[in-house]
Amino acid sequence: MKYLDLNNMFPKKKLECSEDEIFDIAIIGAGVVGCGIFKEFCENGAKTVLVEKANDILEGASKGNSAILHTGFDAPPESLELECVKRGYSEYLKIKKKLNLPLLNTKALVVAWSDEQVEKLDGILKKGLNNGVKELELLTDKQIFEKEPNLSKNAKAALLVHGESLIDPWNSPLAYVKLGLQAGGKLAFSHEVTDGHFNGEFWEIKTSQKIIKAKTVINAAGLYGDIVDSIKGSKDFKIIPRKGQFIIFDKTAYNLINSIILPVPTKITKGVVITKTAFGNILVGPTAEDQESRDDSVTKEETIKMLLKKAYELLPDLQKHNITATFAGLRPASDKNHYRVKINDEKNWITVGGIRSTGLTSSLGLAKYVYELNDRKYEKKKKKASVIKIQNISEFQTRDYQDSDYGKIVCHCECVTQREIENALKGEASAGTIGGLKRRTRITMGRCQGFNCQAEVSEICEKSQS
Amino acid sequence: MKKIQIAIVGAGPAGLSLAIELSNMGYSDVVVFEREDEAGGTPRHCGHLGFGIFEFYRLLSGPNYAKKLVEIALSKNITIKLKHTLINIEKNNLTFSTTDGLETYSAQKTILALGARETPRPSRFVSGTRSPNIITTGALQRFVYMQKCAPFKNAVIIGSEVVSFSAIMSAKHAGIKIKAIIEEDENLNTFNILKPISELFLKTPVKVGYKVLSINGEEKNIQSVTISKNGIEEIIECDGVIFSGKFTPESAILQENFKDFNHTNNSVFVSQIFQTTSKNFFAVGNVLRGALTAFKCYFEGKKLARFIDDSLKNTKLNPLHVKIQCDENIQWYSPSLVDLNYPSKTLTNLRINKKATGKIIVSLNDNDVYSKDINVSTYTNIKIPRLDYPISKNDNVKIRLES
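Those sequence lines, one after another, are chains D and Y.
For the first sequence, numbering that gives the first Met the number 0 begins at 0 and goes up steadily by one.
For the second sequence, numbering that gives the first Met the number 0 begins at 0 and goes up steadily by one.
Rather than coming from a laboratory, the hints here were simulated on the basis of the structure.
Being a predicted model, the structure only gives us computed values, none of them experimental.
Don't take each hint at face value.
To be verified - Derived contacts from chain Y toward chain D, CB cut-off under 7 Å, selection only: (1) Arg116; (2) Gly127; (3) Pro131; (4) Asn364.
No residue lacks a Cβ here, since even glycine has one placed at the ideal position from N, Cα and C.
Take the sequences, apply the hints, and build the full model.
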């Protein structure tokens, strides 16, 4: 019988450009930060290429996170992180409607579970106000249970943060890439950067496929940020990958909470978040485990069980619901507790590193910051009217299965249609990995984890390549 | 909105046999809804023999059995609506997603025959890497029998139910070598004779008492699994892992729509006439408790027809439900309600979670009224009779295992 290699169903993508083409900008790394920067430079007229070692976007740190759009209420005061989070937040609000990107303003509750934590809430409130986040409110336990009747009765007080919201962590960066492509950008996927040489005028970036020439390099290599950074000749920081394990509960649990339930951070641990997701589940996590490996995102039975115990403690009714998935993500934390953004003018090199947990929110703001930092003018082309509409896979907007002429529903748990899958396999920014297809459509990510549709989906993928 | 008399959701053995029997009784306003693009249910992808003996007196493969059921239904002019996915239940209204847009049907009686699926890796908490090469038996069968391809070359099977051994057959059919069957318990979750049979004739070692410590791999490629027994670790090289069994009802939509949900069975409460706590809704087949064989579902569906007929004719008869509760040692039990309007010899049928020797005890309002000595495995059906003690409304009926 024919053998089907599920990990290599998609042909490697190629960069179509001539040998002596010199780009204005080469961005290394197509995580959420790279995607945001790509959009910004393309839209401002820079000839830009997005270089990525995987065959799709978001294959590293950006694939696993809690999908919250942060206000910055708890960001380090006066930091670049705070500036970019706030700017990224408002940029997202500006473009989301045009692109059909979802947003659910659930609000967040920073819940104090002990008297000691109650005392800390005032400080968090002050920090938030100082950070320019105005819509904050202290709640009594009674007020908490009015909002969250299912929460453990051990909750003592809380800080309500009005602006905290949920978004689709995968299709928003995809939208940024599509906007960049529309403005003339190019993608170089399956191009692993191995070395580079700067000749005073432009960089020759050596990759696993071909040499890419660009006047300026932006390093957004995430978990490999420090290694890529050493190409410029000096090493300014070290990445310390921080693993976070998560549990996703079945959609039946969706209505157990209304807001994002945040912990009061302590010096030892940042604690566990309980939140809805854009896709109608409940997410619990993450853990924070520093490690050496940049790839090792295995889940551990004992850690997951510990998380589960914590989740049941905070939200007892979760015990009545099944677990849909467990996963681990790696955050590209660095040896210092802040963003590592730096321009090297002599070498035409910009480092955008150490973007730990807030990258999803800050990416668009960070992109604007980096563009201004670069301080070069490009010839802006006339803007075409944007016709990019992103396929909505969140539960807060109309889904394809609620429409007609979609062919059939292929994935029953997530109600993914044949048309959604076919669309995700089309075009320049099409899925390049099975994970990429899952992130664009949610196929096989539901409660049966592919019992029903994995074989059929694999066949659709295989057919689409021939 | 379209009005129909009887809606059956799910065109597997239970749903189809019910539809056929209703047709035999003269009912014509019956619609069977199926979310797949083909009727027949799970047997469609069980490519091995073993179906049809009791129903058709012939030994059939799963796909042929499914075909036969569908043929009979179609020969009786039963309407089967394919590619109709139930997305909402409100009062007597069922809303389906179809490629022609959302469609809502209002049915006098609705029968939920939604079937079951296996429990995949996440809720089994097995440590290790994530990979598309970690699948369930159901997914393997679909790869092998429906898409005609093999997703890996060497695999291990985790779990030891009947379906785990059927996974060996599916793998063999596709040229996949099964390196071992791994069972954490000291006993198989099926007849122990399958261990020597599997080892002698299928050359597949069956490792009992082994815990899977981790699935190892690089990026998304699996390289091995680490298992351990009595503190001694062992590594088995493989590029695929099959999680088999632990069937669970396809019941999420019921959990979302029924106030009263039975967490032992992971399903709705039903009485001995398959009626739920909502008068016009019935549930039948594997949606009640995970997997029993196709013929059991078939005969359940057939049996239900009489009760549907009854409830359509005796519109004034209101159910008199008494709830049965079970302790955490019970894997599932069915029925989970007693309807006092209907006499029955059996209170409930159940299975236990772990092989045990001891007593199954029934209590009424905390007084023990029945006790049965047992020495059984997880796959043994235990029948609890209802003859010896009267149950009246408001009684508190509990079943427990003492071992």
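To see whether the hints hold, each was checked on the structure:
For arginine 116 (chain Y), the shortest C-beta to C-beta distance to chain D is roughly 5 Å, which falls under 7 Å, so the interface hint holds. Checking glycine 127 (chain Y) against chain D: minimum C-beta separation of about 5 Å stays under 7 Å; hint holds. At a threshold of 7 Å, the smallest CB-CB gap from proline 131 (chain Y) to chain D is about 4 Å, leaving the interface hint in force. Taken as an interface hint, asparagine 364 (chain Y) does not check out: its beta carbon lies about 26 Å from the nearest beta carbon of chain D, beyond 7 Å.
When the structure is compared with the earlier hints, a violation turns up for hint 4 alone.
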